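Could you fit the two chains together into a complex? Lean on the hints.
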Amino acid sequence: MNVVFPNRSPLSVKELNHVLDFMEPLDQVSFSLISKATKSIIVSRNLFAGSIHLFVDDAFKISMYTPDGKIILGLSQKNEDWNGGDPVKLIAADIVEVDHETEEESQTYQWRKEGFGIKNWINHIMKINHSQSIHHIYFYEGGERIDIDSVVNAIGGLTVNYLCTMPGCSERYRHLVDQKVHVENLNIFSNTFQGNEEIRKHLIQNYSQIVDVSFSSITFRLDDFLMMNCEELFTAGIPLKTANQFLKIWRTGCKIRLKKLRIGFPSTMILDKDVILKGIAHIELEDNAYKINGANGSLATVFIDPEQSVVEFVVSEG
Amino acid sequence: MSVENAPVVDVDEAAIPVEKKMYYRFESNDKKEFRVSELAIQQSETLNRLVEAMGYTSEDVENKPAIAIENIDGKTLKLVFQWCEHHKGEAIPVDDGSVPKIVEIPEFDAKLMDIDNGLLFKLIWAADYLNIVQLLNVSCKKVANMAQGKTPAQLRRVYLLPSDEEDEAAKRAAQEAQDPRAREVEEEFEERKRQGGNSFF
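So the sequence lines, in the order shown, correspond to chains A and B. Under the UniProt record's numbering, think of the first position of the first sequence as 1, with each following residue one higher. Under the UniProt record's numbering, think of the first position of the second sequence as 1, with each following residue one higher.
Here chain B stands alone, though its shape is the one from the complex (with noise of 0.2 Å):
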């Protein structure tokens, strides 16, 4: 996809330093090209190390390749990138451990995420591992609101969780599809069980 053809974040001009206006370039799994810039970078500490590392000039940012982020898909970059360019500049929170954690959804962060469960735990999981740690406190509340008042049965709905018996099954799985051997050695036992004997071995 051409840079120009490339979804473009809408960046707040005058908040950024005339002098040191750089703009990175990124690609979503799904070849979607963002320009992000540089002081919105720095609300994700994976990636504002990863710029740092690499050390690109304006020039190089222009001509290199876009950086790609992999298994990450445009429509979430997207939505990661748009919260860091509008935050850009904020202080980035200290943890400091007390539970449950109080945060205020503002009212853009709160618009933004006005999207589908299954969108949001994406951009939970990319907010994690980019380390965008505000991004992760409000994604995380929202999902936390949603759980208010529910039952069991309905918070496992909610968050898409397997119930013990899909555990169970999953496990088996796995482990047959380890050790094809496993399943036969199984089949072998109840074929020996249905004919009558009383051991295996």
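Only chain A is shown next, with the shape it has when bound in the complex (with noise of 0.2 Å):
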């Protein structure tokens, strides 16, 4: 009896699958890097789906996760003897540097890849981890060396979610990159700006969402929520009472683009139902959900958990 089998060639993309099911996530990631069939494979496995990051410092990088930690690439070159002079133009690295880290370690490797540029590695990235966008891009003091207008064109066409400058940038810097990087969303952290002034310039623009990442150093006024723009704003800058004082304007049906507003409280403070919702008339939903009634049938529902000392107020009609 004989028994006939296909014939071989080299490994066959099921081999390869197989393969890879054994193989590191960095080497997976070079794996994929070596053609678009290699890419296909990788894509197709969905081994990788986290948020991706680019950062403006010395170099241009973007980062990735992995099921064991975390990818940084360094896809353009580092200008370490920059003199404060003019910024230099964003040049595509021809080595790219790749930092591994995980809990254990981080490992430092040099890839290259044939007629890639900064946009080519930025869109395997994304491609890799079905991404339709850059989560967030981070300015940092170091970026200030790399032309603004370069860093626009190698970002141009993606999405990008969040901005932040972060802290020890210069005030002209931080004002070059809130005029030339638009993007949908801005993160905050306070000790960037001057004042809380500088602050309010960016809640008057039209970001959709602001998240307050400097944990309540920016004290909030009634009047913020006002003239605020953004549909959500994530922060920690609230006191209780001025909380309960939104709810109130909210429910006089005052103008508010506002939808979603949560605010992060310190873990030692009480959450007093009583005090947030003060004067308000509310049903209660279910265990710390209330809901509330604004002007013209609008409706909102106010979330206190005090297990992560957050309240929330979301909006859900009108």
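Incorrect hints may have been included.
[Stated by the list, open to error] Under the rule of at most 27 Å between Cα atoms (straight-line distance), these lysine-lysine pairs were calculated in the DSSO-like manner:
1. A:Lys127 with A:Lys61
2. B:Lys150 with A:Lys14
3. A:Lys127 with A:Lys70
4. A:Lys36 with B:Lys171
[Stated by the list, open to error] Distance ranges between label pairs, derived from CB positions:
5. A:Thr102 with B:Asn117: 24 to 32 Å
6. A:Lys260 with B:Gly97: 32 to 40 Å
7. A:Glu141 with B:Gly118: 28 to 36 Å
8. A:Glu171 with B:Asp167: 50 to 58 Å
9. A:Ala289 with B:Asp95: 40 to 48 Å
10. B:Gly118 with A:Asp68: 13 to 21 Å
11. B:Ala169 with A:Ile91: 27 to 35 Å
12. B:Val99 with A:Gln205: 24 to 32 Å
13. B:Ala153 with A:Asn17: 16 to 24 Å
14. A:Ser12 with B:Gly97: 20 to 28 Å
15. B:Ile115 with A:Glu141: 51 to 59 Å
16. A:Gly168 with B:Asp95: 21 to 29 Å
17. A:Pro239 with B:Gly149: 52 to 60 Å
18. B:Lys75 with A:Ser12: 18 to 26 Å
Everything labelled a hint here was simulated from the structure, so no lab data went into it. Remember, it's a predicted structure, so these values are computed and weren't measured experimentally. Ideal Cβ positions, reconstructed from N, Cα and C, are used throughout, including at glycine.
This is the structure we're talking about:
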């Protein structure tokens, strides 16, 4: 009796997939860069699906998450000898430095991909992560040496969700970034700013979402809510009493664009529902969730989460 | 090749029940014959099903021709059966779906797989088609380990994978082989372009 098996060729897609089942995530990223065919194998495996971040520092870098840690690729030349003169154009690195950080260790590798520019690298990383957008772009002090227009050109056509200018950036650089880089949302690191007035300038801009990661160093006033142009604000800088005043104003039908407000509090603080909802008619929906009615049939829910020390206000109608 | 001269896989006699000592005969595509114990065959789902379906008696095994396994050469099949004999009676692992999969390569397997990459890839192929789960696991683990810290260009060489250009050339060649007229049309098109024609039609 003869048993006939199909003719073999060097490792088929099926066999490569078996091998990839045992391969470290970093090596799988390297494998994805061999050819279009290997990229498509890695894409089909759905191993990577984390958020992608860009960093503008002494070099232009991109990061992605892997099941065992994080990979950071330095996509541009470093410009280490910049003397503070005119910013230099962003130029793709011939050899990309790849930092692989896991809980146990951090190692650096050097990869080269013929014909790949900065945009090719970004698109490749996005593709293997099934990502439609860049989650954050961070501007650091060291980024001042890179010409901002060439950065804008490198990210042109991409959807970038959040802009962050990090502490240490000069005011001039921050203004330049604000002026040139247009993104959907903003992360605020308060000590980047000269004061609350600077921050308020951002509140009136057309960001969809503002996340204040300064943890309560900004004092929000009632007026701020009235002039705010964003739809979502995540912050920690609002006293319970101000939150109560905000809810009262919202109920009057005052034109407030804000649809979602999430306020974090110190874990030691007691989130007193009677202070938050003082003088506001409400219906308890379930544990720690309260429905309140606004003007013209609008409806919102206030969630008080003592475990996470968070109060959340979400407009569901109106 | 006669059975007497065939390469015989070492057999651990003590591990085989005396009353059920049956050895199947297999032949590779280069006519090398192997005697493999019934218990060792159980490591291969494909071969196990095959011999069950054949229902051979001890006499059949001796008197009928060896079961020919085409497309697997003697060198590869010898490794496969050596592995099966060494691991006979062991439980076949069940895939839990986790990635990356964790597997330890035992010393015996490591020595067995101390071979050139070409033969190692053949071993993976054979383990896959004969459905020998643990042999596939350890051989794939070995090949995966070869990728550690390699650049894309180094990986391409290790795995003998084609570049984009080679892929495209192979695709074109396959298309042309399927449709010889396509080449003629392309040549005609190029010729007309050379002659300065704007339109092919």
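Evaluation of the provided hints:
Between Lys127 of chain A and Lys61 of chain A, the direct Cα distance comes to roughly 17 Å. Compliance with the 27 Å bound is thereby established for this hinted pair. For the given pair, Lys150 of chain B sits about 22 Å from Lys14 of chain A by alpha-carbon distance, which is consistent with the 27 Å threshold. Straight-line distance between C-alpha atoms of Lys127 of chain A and Lys70 of chain A comes to about 17 Å, which keeps the hinted pair within the 27 Å bound. Restraint check for Lys36 of chain A and Lys171 of chain B: the C-alpha separation of about 13 Å stays at or below 27 Å, so the hint holds.
For the pair Thr102 of chain A and Asn117 of chain B, the beta carbons lie near 28 Å from each other, so the given range of 24 to 32 Å is met. Range check, Lys260 of chain A to Gly97 of chain B: Cβ separation about 37 Å, and the 32 to 40 Å hint holds. Remark: the range hint 28 to 36 Å for Glu141 of chain A to Gly118 of chain B is contradicted by a beta-carbon distance near 53 Å. Take Glu171 of chain A and Asp167 of chain B: their Cβ atoms lie about 52 Å apart, and the range 50 to 58 Å holds.
One distance hint, 40 to 48 Å for the beta-carbon pair Ala289 of chain A and Asp95 of chain B, holds here, with the actual separation near 43 Å. Our hint of 13 to 21 Å for Gly118 of chain B and Asp68 of chain A is violated, since their Cβ atoms are close to 31 Å apart. With their beta carbons about 32 Å apart, Ala169 of chain B and Ile91 of chain A fall inside the hinted range of 27 to 35 Å. A hinted range of 24 to 32 Å for the beta carbons of Val99 of chain B and Gln205 of chain A is inconsistent with their spacing of about 43 Å.
For Ala153 of chain B and Asn17 of chain A, the hinted distance range of 16 to 24 Å is satisfied, since their beta carbons lie about 22 Å from each other. Here the CB-CB span from Ser12 of chain A to Gly97 of chain B is close to 21 Å, well matched to the stated 20 to 28 Å. Remark: the range hint 51 to 59 Å for Ile115 of chain B to Glu141 of chain A is upheld by a beta-carbon distance near 54 Å. Restraint check, Gly168 of chain A to Asp95 of chain B: a C-beta distance of roughly 50 Å breaks the suggested window 21 to 29 Å.
For the pair Pro239 of chain A and Gly149 of chain B, the beta carbons lie near 53 Å from each other, so the given range of 52 to 60 Å is met. Between Lys75 of chain B and Ser12 of chain A the CB atoms are about 20 Å apart, so this pair conforms to the stated range of 18 to 26 Å.
Checked against the numbered hints above, the structure breaks hints 7, 10, 12 and 16 and satisfies the rest.
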